[in-house]
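Participant: FYI, UniProt numbering numbers position 76 of the sequence shown as 76, with every residue one higher than the one before it.
Honestly, I wouldn't trust all of these hints.
As the list claims (entries may be wrong) - As a list, the in silico BS3-like pairs of lysine-lysine whose alpha-carbon atoms are at most 30 Å apart:
no.: 1; residue 1: Lys151; residue 2: Lys28
no.: 2; residue 1: Lys61; residue 2: Lys97
no.: 3; residue 1: Lys114; residue 2: Lys137
no.: 4; residue 1: Lys144; residue 2: Lys104
no.: 5; residue 1: Lys98; residue 2: Lys114
no.: 6; residue 1: Lys105; residue 2: Lys56
no.: 7; residue 1: Lys81; residue 2: Lys28
no.: 8; residue 1: Lys28; residue 2: Lys56
no.: 9; residue 1: Lys105; residue 2: Lys144
no.: 10; residue 1: Lys114; residue 2: Lys144
no.: 11; residue 1: Lys81; residue 2: Lys114
no.: 12; residue 1: Lys28; residue 2: Lys105
no.: 13; residue 1: Lys104; residue 2: Lys61
no.: 14; residue 1: Lys117; residue 2: Lys81
no.: 15; residue 1: Lys28; residue 2: Lys114
no.: 16; residue 1: Lys76; residue 2: Lys27
no.: 17; residue 1: Lys149; residue 2: Lys27
no.: 18; residue 1: Lys28; residue 2: Lys149
no.: 19; residue 1: Lys81; residue 2: Lys108
no.: 20; residue 1: Lys28; residue 2: Lys98
no.: 21; residue 1: Lys105; residue 2: Lys149
no.: 22; residue 1: Lys105; residue 2: Lys117
no.: 23; residue 1: Lys61; residue 2: Lys98
no.: 24; residue 1: Lys27; residue 2: Lys114
no.: 25; residue 1: Lys137; residue 2: Lys117
no.: 26; residue 1: Lys104; residue 2: Lys137
no.: 27; residue 1: Lys61; residue 2: Lys117
no.: 28; residue 1: Lys137; residue 2: Lys108
no.: 29; residue 1: Lys108; residue 2: Lys151
no.: 30; residue 1: Lys56; residue 2: Lys151
no.: 31; residue 1: Lys117; residue 2: Lys56
no.: 32; residue 1: Lys28; residue 2: Lys137
no.: 33; residue 1: Lys27; residue 2: Lys81
no.: 34; residue 1: Lys104; residue 2: Lys149
no.: 35; residue 1: Lys144; residue 2: Lys56
no.: 36; residue 1: Lys76; residue 2: Lys61
no.: 37; residue 1: Lys81; residue 2: Lys137
Hints are computed from structural coordinates only; laboratory data are not their basis.
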Amino acid sequence: MIRVCFVCLGNICRSPMAEFIFKDLVKKEGLENEFLVESRGTCDDEIGNDIHPGTKSILDKHNIPYTRHYATRLLKSDYEKFDYFIGMDNYNVLSMKKLFGTDKKVYKLLDFTKHSKEIDDPWYTHNFTITYEEVDKGCRALLKYIESKYK
């Protein structure tokens, strides 16, 4: 089982978007039984809250299935539960490295693409379309990377 945890600030916009896009991709590849995919946030402001309505709307637009989500804070104990921690921006990556004390499992999502950059938080930009495009591109590249490592 390959265990992937997507991480953003509040766990209501980018990381659950990535979680459900990635779940959809692995299901379409027939690999859903080989992956555990979840998401977390680095702060506790949104704990227990569902996905942001803008995230739901863009997932609906692209026919990406999702379930009721409860925002969850990333904990140090999560380090043993996952193989990959995928942050959306440099702050997420820095927060994870600080929490875990290591960077061996920590990555930034768009580092798997040809255009490594941060994914802006649509909570602030209100542009869920651009966020979706970047997250989708990153998830596709991440899946290719993982498949190449385990084949």
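Participant: All hints are to be evaluated individually against the structure, with a verdict given for each.
Facilitator: Results of checking the hints against the structure:
no. : hint            : result
1   : Lys151 x Lys28  : 18 Å, holds
2   : Lys61 x Lys97   : 34 Å, violated
3   : Lys114 x Lys137 : 10 Å, holds
4   : Lys144 x Lys104 : 19 Å, holds
5   : Lys98 x Lys114  : 27 Å, holds
6   : Lys105 x Lys56  : 28 Å, holds
7   : Lys81 x Lys28   : 24 Å, holds
8   : Lys28 x Lys56   : 20 Å, holds
9   : Lys105 x Lys144 : 17 Å, holds
10  : Lys114 x Lys144 : 13 Å, holds
11  : Lys81 x Lys114  : 29 Å, holds
12  : Lys28 x Lys105  : 25 Å, holds
13  : Lys104 x Lys61  : 35 Å, violated
14  : Lys117 x Lys81  : 27 Å, holds
15  : Lys28 x Lys114  : 24 Å, holds
16  : Lys76 x Lys27   : 29 Å, holds
17  : Lys149 x Lys27  : 19 Å, holds
18  : Lys28 x Lys149  : 19 Å, holds
19  : Lys81 x Lys108  : 18 Å, holds
20  : Lys28 x Lys98   : 35 Å, violated
21  : Lys105 x Lys149 : 14 Å, holds
22  : Lys105 x Lys117 : 18 Å, holds
23  : Lys61 x Lys98   : 36 Å, violated
24  : Lys27 x Lys114  : 25 Å, holds
25  : Lys137 x Lys117 : 12 Å, holds
26  : Lys104 x Lys137 : 23 Å, holds
27  : Lys61 x Lys117  : 25 Å, holds
28  : Lys137 x Lys108 : 13 Å, holds
29  : Lys108 x Lys151 : 23 Å, holds
30  : Lys56 x Lys151  : 33 Å, violated
31  : Lys117 x Lys56  : 24 Å, holds
32  : Lys28 x Lys137  : 16 Å, holds
33  : Lys27 x Lys81   : 21 Å, holds
34  : Lys104 x Lys149 : 15 Å, holds
35  : Lys144 x Lys56  : 25 Å, holds
36  : Lys76 x Lys61   : 35 Å, violated
37  : Lys81 x Lys137  : 25 Å, holds
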